[in-house]
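Chemist: Here is what each chain is made of, one letter per residue.
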Amino acid sequence: MKRQTMYLRMITSSLVRRRSRMIVALLAVAIGATILSGLVTIYYDIPRQMGQEFRSYGANMILTPSGGGRITPEDAARAAALIPPENAVGIAPYRYENIKINEQPFIAAGTELEGARGASPYWFVSGRWPEETGEALIGQEVADIIGIGPGGVFTLSGITADGDGFKGEFTVSGVVQTGGAEEAFVFMSLEALGDIAGGGGLDVVECSVSAPQTELEELAERIGAGTPGVTARLVRRVTQSEVTVLSKLQALVYLVTAVVLMLTMICVATTMMAVVAERRREIGLKKALGAPNGEIIREFLGEGLLLGGLGGLLGAILGFVFAHTVSINVFGRPILFKPLLVPVTMLVSIAVTGLSCLLPVRRATDVDPAIVLRGE
Amino acid sequence: MGNNILELREISKIYGSVGALRDVSLTVSQGEWIAIMGPSGSGKTTMMNIIGCMDKPTSGAVILDGMDISRESQKGLTNIRRDKIGLIFQQFHLINYLTALENVMVAQYYHSMPDEGEALRALQRVGLGERARHLPSQLSGGEQQRVCIARALINYPRLILADEPTGNLDETNEGIVLDIFRQLHGEGSTIIVVTHDPEVAEDAQRTIVLEHGRVARVTHS
Ligand SMILES: Nc1ncnc2c1ncn2[C@@H]1O[C@H](COP(=O)(O)OP(=O)(O)OP(=O)(O)O)[C@@H](O)[C@H]1O
Ligand SMILES: [Mg+2]
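Quick note, the sequences are listed as chains R and W, same order. Take 1 as the starting number for the first sequence in the numbering used here and just add one per residue. Take 377 as the starting number for the second sequence in the numbering used here and just add one per residue.
Errors might be hidden in some of the hints.
Unchecked claim - Derived, one-sided and incomplete: chain R residues facing chain W with beta-carbon distance under 8 Å:
{"id": "1", "residue": "1"}
{"id": "2", "residue": "3"}
{"id": "3", "residue": "4"}
{"id": "4", "residue": "17"}
{"id": "5", "residue": "18"}
{"id": "6", "residue": "280"}
{"id": "7", "residue": "285"}
{"id": "8", "residue": "290"}
{"id": "9", "residue": "291"}
{"id": "10", "residue": "332"}
{"id": "11", "residue": "333"}
{"id": "12", "residue": "372"}
{"id": "13", "residue": "373"}
What the hints assert, rightly or not - For the chain R half of the interface with chain W, some residues (derived, Cβ under 10 Å), not all of them:
{"id": "14", "residue": "2"}
{"id": "15", "residue": "7"}
{"id": "16", "residue": "10"}
{"id": "17", "residue": "14"}
{"id": "18", "residue": "167"}
{"id": "19", "residue": "171"}
{"id": "20", "residue": "284"}
{"id": "21", "residue": "368"}
{"id": "22", "residue": "369"}
{"id": "23", "residue": "370"}
{"id": "24", "residue": "371"}
{"id": "25", "residue": "375"}
Calculated from the structure, these hints are not laboratory results. Virtual Cβ for every residue (Gly too), placed ideally from N, Cα, C.
Start from the sequences and build out the full structure, keeping to the hints where you can.
Modeler: As structure tokens, then:
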């Protein structure tokens, strides 16, 4: 038998057959690792979650028609002209029509695709954005219900507010995931929607303007005064607060992580200290049998590291469950599983246990082999 | 004398103000069986610890197998212990989370290479072939002592040291252990055994009686 095999047999037997003793240390490591991996998971998933949460607030000013009806293209152009060009990040006009595909109700949204793309950085498109009038970008929900993907062809039909029926055939250029209501939309260019449904006008114009709050308020008033058909409404610029929230969260995560790591280390160190004290006779015996100090260290450290690895694995799994539960409760969405986090959590746990074992292990080497004959 | 395995030259061991051993001299030749007796506190265990390289005398020289161990470093003592000494304890000192077989293999592991077959033969020799896979808690005291003996013998020690090996055993098991000792002696092993029991001492060729850390009497049989 190889010495390595015997070594592994010794340290695993010690953990497995003395489990009641080691379970405390294992729990300490596992709980530490759970909180650690859970926090990290949540922390890295939050930007994604928040992006979805605030997706509709990509714009910070929204133009809607003042009375009934729609915003005329002229009014829209006049309002847009009031926004200083150097401040306009993206302006996305939208015209909505109720439509049916295969007798299922959806909404067709005509827009300036370039502007919509800039105003919605959170959208995730598989395939590509439409480039020709015969193409459309469909929401994930639409894709799921009618069972179609990029490259597929579908026919839509609808009735305008004026009571005119229309019909059109489109090729799917891509499928968009936004996590929100847009997933039940069919996006196309304003021209394409105009071609089939006729008429014109806009239901809403989403503007992304980079300017301080006070300037924005002035701007909104100017637009309202300058174009009576249009009402300008401000939306708080959430991307800004998003950054603040994230950086505060980051500090919190670091702090909690440090505290948890320290508590874990203290707990593991105390447990190992007790384990060493409890096993003084065994250590003395091993020394009496001729084990050098290095071997005693290797064995205790081996047990500690095995414990760290096991606790880390357990913690990585529990941490995901923990993060998932939090995510479901806070955001109402599942969390993404990051496989890389499993080895990382295990490595961190191993490092932490290794570090906390140093002092107890040193204690172990101080044991005097003479105690075995004295029968303490 | 060329075949002396152990020589103690006027060794003393002082603990603070207690003189546990005082000017003890002893020569043991290869293949001898020595018994050490004496009242509690007379220094028997102290002497065994010194002979077994687990402690150093305060003064005096210990020559083990031609080497003066009173000059060795801790590390050197560890190596001598591993290579030359087989230890048998009153409390057996088996590792409780390892099986009988693994307990024997631990001694091989520290010495050189674990060899399961050889360890098993050692257990068979003390009549425990059937119980090799049992944990110490599943063995009787007598069986545990036999595992301890198998472990002490596994690396062919030059010197077997036993401190009260039958102190925790009933008469039947004492008989079994003594039989093993007789057999070892017959094969030429050198044995030093500490005992309170005159029956155990009977088999020894020489009995050293300690009192207050000094050799009070030596009897030959
Ligand atoms: N580590 C120590 N520190 C101080 N005194 C010690 C130490 N070890 C032994 N002694 C003392 O040395 C003396 C001899 O002890 P030792 O253990 O050698 O006796 P013993 O003959 O083995 O006794 P017993 O038959 O009870 O086992 C005792 O007085 C004991 O108190
Ligand atoms: Mg004693």
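Chemist: None of the hints should be skipped; say for each whether it holds.
Modeler: Results of checking the hints against the structure:
1. Contact between residue 1/R and chain W, as hinted, is supported at the beta carbon level, the nearest pair being about 4 Å apart and thus within 8 Å.
2. Interface restraint check: residue 3/R against chain W, minimum CB-CB distance 6 Å, threshold 8 Å, status holds.
3. A least Cβ separation of about 10 Å between residue 4/R and chain W goes past the 8 Å threshold, and the interface hint is therefore violated.
4. Interface restraint check: residue 17/R against chain W, minimum CB-CB distance 4 Å, threshold 8 Å, status holds.
5. This hint holds: residue 18/R has a C-beta 5 Å from the nearest C-beta of chain W, less than the 8 Å allowed.
6. With a cut of 8 Å, the hint placing residue 280/R at the interface with chain W is violated, because the nearest CB-to-CB distance is about 11 Å.
7. With its C-beta approaching chain W no nearer than about 5 Å, residue 285/R sits inside the 8 Å limit, and its interface hint holds.
8. A cut of 8 Å between beta carbons decides the hint on residue 290/R: the least distance to chain W is about 2 Å, and the hint holds.
9. A hinted interface residue such as residue 291/R counts as satisfied when its beta carbon comes closer than 8 Å to some beta carbon of chain W; here the least separation is about 5 Å, so the hint holds.
10. Because the beta carbon of residue 332/R sits about 49 Å from the nearest beta carbon in chain W, more than 8 Å, this interface hint is broken.
11. About 47 Å separates the beta-carbon of residue 333/R from the nearest beta-carbon of chain W, more than 8 Å, and the hint is not met.
12. The closest approach between the C-beta of residue 372/R and any C-beta of chain W is roughly 6 Å, which is under the 8 Å cut-off, so the hint is satisfied.
13. At about 5 Å, the closest approach between the beta carbon of residue 373/R and any beta carbon in chain W falls short of 8 Å, and the interface hint on this residue holds.
14. Proximity of residue 2/R to chain W holds as hinted, the smallest CB-CB distance being about 8 Å (cut-off 10 Å).
15. Against a cut-off of 10 Å between C-beta atoms, the interface hint on residue 7/R holds, since the closest Cβ of chain W lies about 8 Å away.
16. Taking 10 Å as the C-beta contact cut-off toward chain W, the hint placing residue 10/R at the interface holds, the least distance being around 7 Å.
17. Because the smallest distance between the Cβ of residue 14/R and any Cβ of chain W comes to about 5 Å, under 10 Å, the interface hint for this residue holds.
18. Checking residue 167/R against chain W: minimum C-beta separation of about 79 Å lies over 10 Å; hint violated.
19. For residue 171/R, the suggested interface contact is broken, since its CB lies about 70 Å from the closest CB of chain W, more than 10 Å.
20. Taking 10 Å as the C-beta contact cut-off toward chain W, the hint placing residue 284/R at the interface holds, the least distance being around 8 Å.
21. For residue 368/R, the interface hint holds, the least distance from its beta-carbon to any beta-carbon of chain W being 8 Å, beneath 10 Å.
22. Interface hint status for residue 369/R: upheld, as the beta-carbon distance to the closest one in chain W is roughly 4 Å, under 10 Å.
23. With its C-beta approaching chain W no nearer than about 4 Å, residue 370/R sits inside the 10 Å limit, and its interface hint holds.
24. The interface hint given for residue 371/R is met, as the beta carbon of that residue sits about 9 Å from the closest beta carbon of chain W, less than 10 Å.
25. The beta carbon of residue 375/R is positioned within 10 Å of a beta carbon in chain W (closest approach about 5 Å), and the interface hint is therefore held.
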